Amino acid sequence: MVSKNADLTASSFLKMVSKKTGIPLSTLKLNLKILREKGLVSYGKIGDPKPVKLTGAGEIVLQILSSEINDRPVDCSTYVLSENDKKFVQNVRSKILLQAYSSKTGHLPSSLSSANIILAVFRVFRPNLVGSENSFVLSKGHASLALYAVLVDEGIIEENELPYFCELGSRLQGHPDKRFIKETLVSTGSLGQGLSIGVGVALGKKLKNSNGKVIVLLGDGELDEGQVWEAAMSASTYKLDNLIAIVDRNFYQMNGATEEIKCLEPLKEKWISFGWDTVEVDGKRFEELVSILQEIKVYQKRPTVIIASTERNGGIEYIDKKIFHYIPSQEDYNKMVGNNG
Amino acid sequence: MVNLISARETFGETLIEIGAENDNVIVLDSDVSASTKTFLFRNMFPNRFINVGISEQDMAGIAAGLALEGFIPIITGFSMFILRAWEQIRNTIARDSLNVKIVATHSGLSDFADGSSHQCLEDIALMRVLPGMNVVVPSDPISIRSLLKQLIRLNGPCYMRLGRDYAPKIYEGEKDIVFGKANILEEGSDLTIIACGLMVHISLEVRRKLLEYGFQASVVDLHTIKPLDKELKKVCEKSDKVVTIEEHNIIGGMGSAVCEMLSEKGFRVKRLGVPDMFGESSRNYLQLLEKYGLNVGALTKNILSFVKG
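Line by line, the protein sequences give chains L and Z. For the working numbering, count along the first sequence from 1 and bump the result up by 2. For the working numbering, count along the second sequence from 1 and bump the result up by 134.
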């Protein structure tokens, strides 16, 4: 009701609101006065008219109330990291390293950045697997090393296939390829396309009355692609309360920092303005990711994006976050496996 | 009774029949339903019609997602602007062999007044180069209906190329048209004319003209450009001279596909189409075709010098 942009004096503002709502002018006048007393709006006096404006506090209240999940602190206590989880997280990272080390190729930093996210998605939703109604699209297909590592845990890929990543004849293609592994759901690798596919899958589930969720993992760099925003608009248009996008926000793309190449910030506000619920989490913390996904799984009102802040080295300090390609040495690998044991 | 007036109207009417027969068919529109006539389907099946807005790339991705859930999505739009999603079609729909049907209207020069931005002379080349993509160019209203129904029954990605309106009748019954099989419409021993789309109708007129000069031509409707009829050599066996006619850039289209197959079999092939250039506006479709040599007179002249030479 209170617009921060309308340049209206109190009397014309109240007339407009009364016309729109049918509430008597006298009631509204009193209400507006109370709002001013509470410090939520400001306006002038008789003889000194000033436009009705939201105060800073008023804007904050409006923002909180106008979205379901925006700015809601993540309740991490719903999931406690177990010793087993720590091992899982560590294992996935060493499997990623093993593939990169053996093949001397692949996108190691981007995969490390996504590892916890993919692991958490599979933990909560078990997508793309037999008997699951949930679907997962790895839009940032270059994080294939991480997906393959997680698919080992799910029994889809044998651990002894990992050293053959990218080798001629291996199922482990540079980017996920459905022709080789059907549990990838859809082939990706060309950036900016996964969210549209996710919108289609989510629409399909609704048409079939399936309760499944669709999770799409996007890189922050790929948000440069216009198609992502076409899909974001489609998702809010169709009110897809079964679609979850996760942005792996590591602040780097191939040739440098995202904010220097094509500015993404204010990123959260972008998604909000596209009609999405947004939540920011620490993507380095597995338990935080699991908590928020569990929460969204049982309660979601509209398309929801999780902006997960991550590091492109997955917390392995000797790997430079700014480097796009990093081929681990024997020493790196030993260190990692050593850490593990 | 279906009112067979124009290519796009036939398409719109046929969609209604298909929608009534198959609950899994979903029509996707890129906000051109008034022009592509898909609004006819929307009026009948509003729950299975999705206007994604002016966003062809998003449309291709959404169609891929719907196909993953077991639906049969039909992407519709102007052929020129569907090409905007070529990479999405290549990387998702074709690569994963998804059951998405692409029906592109206003192809060739048929969007005559809109000019070169809207005229599409490159789509056959770009679609037939995709592994596993089925490419179909119907020649008249009956064949549009017949082939569209056949494509829905076929599991896999398909591209159907339609003109805007002008589509004179050629066939009597839908059963005369079989996906993947070239149709011999007329037989003659001096040369074989292979055509697709509207050029089939024009070729039949060219054949009559050639008779005045004493040449007998076979006329073949090559409505399925991919997969190409393996019996094409047999279809052309009456003469070693073959002429292809298409409303497409002379490079990479149906004529090129024919050459790829016949070049190893000892045929002489003359390709006729739009020269390697972009189109332009005209208030009259047939006048525009004439400008690029796709009228009966120019085609006859070209063919005569080929068969005599």
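The hints are simulated quantities; they were obtained by calculation from the structure and are not laboratory data. It should be emphasised that the depicted structure is a prediction, and the values quoted were computed from it without experimental measurement. Any given hint could be a false lead.
To be verified - Covered by chain Z, according to a simulated footprint, are these stretches of chain L (three or more residues, beta-carbon under 8 Å): (1) 199-207; (2) 303-315.
Stated by the list, open to error - A few chain L residues that face chain Z, going by a derived Cβ cut-off under 10 Å, partial list only: (3) Thr-57; (4) Ala-59; (5) Glu-61; (6) Pro-165; (7) Cys-168; (8) Glu-169; (9) Gly-171; (10) Ser-172; (11) Thr-190; (12) Gly-191; (13) Gly-196; (14) Ser-212; (15) Asn-213; (16) Val-216; (17) Gln-229.
Note that beta-carbon positions come from the ideal geometry of N, C-alpha and C, so glycine has one too.
Please check whether Ser-172 (chain L) passes as an interface residue: C-beta within 10 Å of a C-beta belonging to chain Z. violated, 18 Å
| message | Gly-196 (chain L) was flagged as interface toward chain Z. Is the shortest Cβ-Cβ separation under 10 Å? | response | holds, 8 Å
*asked:* Given a cut of 10 Å on the nearest C-beta pair, is the interface hint for Val-216 (chain L) held or broken against chain Z?
replied: Since chain Z brings a Cβ to about 8 Å from Val-216 (chain L), closer than 10 Å, the hint holds.
Exercise. Taking 10 Å as the limit, does the beta-carbon of Gly-171 (chain L) come near enough to a beta-carbon in chain Z?
Worked result: Constraint on Gly-171 (chain L) not satisfied, violated at 19 Å.
Using 10 Å as the Cβ threshold, decide whether Pro-165 (chain L) counts as touching chain Z.
Violated, about 26 Å.
Hint status (Cβ of Gln-229 (chain L) to nearest Cβ of chain Z, threshold 10 Å): holds, 5 Å
Per the CB criterion, is Glu-61 (chain L) less than 10 Å away from chain Z?
-> Nearest chain Z Cβ about 31 Å off; hint violated.
Note to self: Restraint: Thr-190 (chain L) near chain Z, CB-CB cut 10 Å. Satisfied or not?
What the structure shows: Where the cut-off is 10 Å and the nearest Cβ of chain Z is about 8 Å from Thr-190 (chain L), the hint holds.
Given Glu-169 (chain L) as an interface hint, is the shortest Cβ-Cβ distance to chain Z below 10 Å?
-> violated, 20 Å
Open item on the list: Is the listed coverage of the region 199-207 of chain L by chain Z valid when you require three or more residues with a beta carbon under 8 Å from a beta carbon of that chain?
Closed with: holds (count 9)
Interface hint status, Ala-59 (chain L) versus chain Z (Cβ within 10 Å)
Constraint on Ala-59 (chain L) not satisfied, violated at 38 Å.
Are at least 3 residues of the region 303-315 of chain L within less than 8 Å of chain Z when you compare beta carbons?
-> The restraint on the region 303-315 of chain L is violated, since only 0 of its residues have a Cβ under 8 Å from chain Z and three are required.
The structure does not agree with the numbered hints 2, 3, 4, 5, 6, 7, 8, 9, 10, 15 stated previously, though it agrees with the rest.
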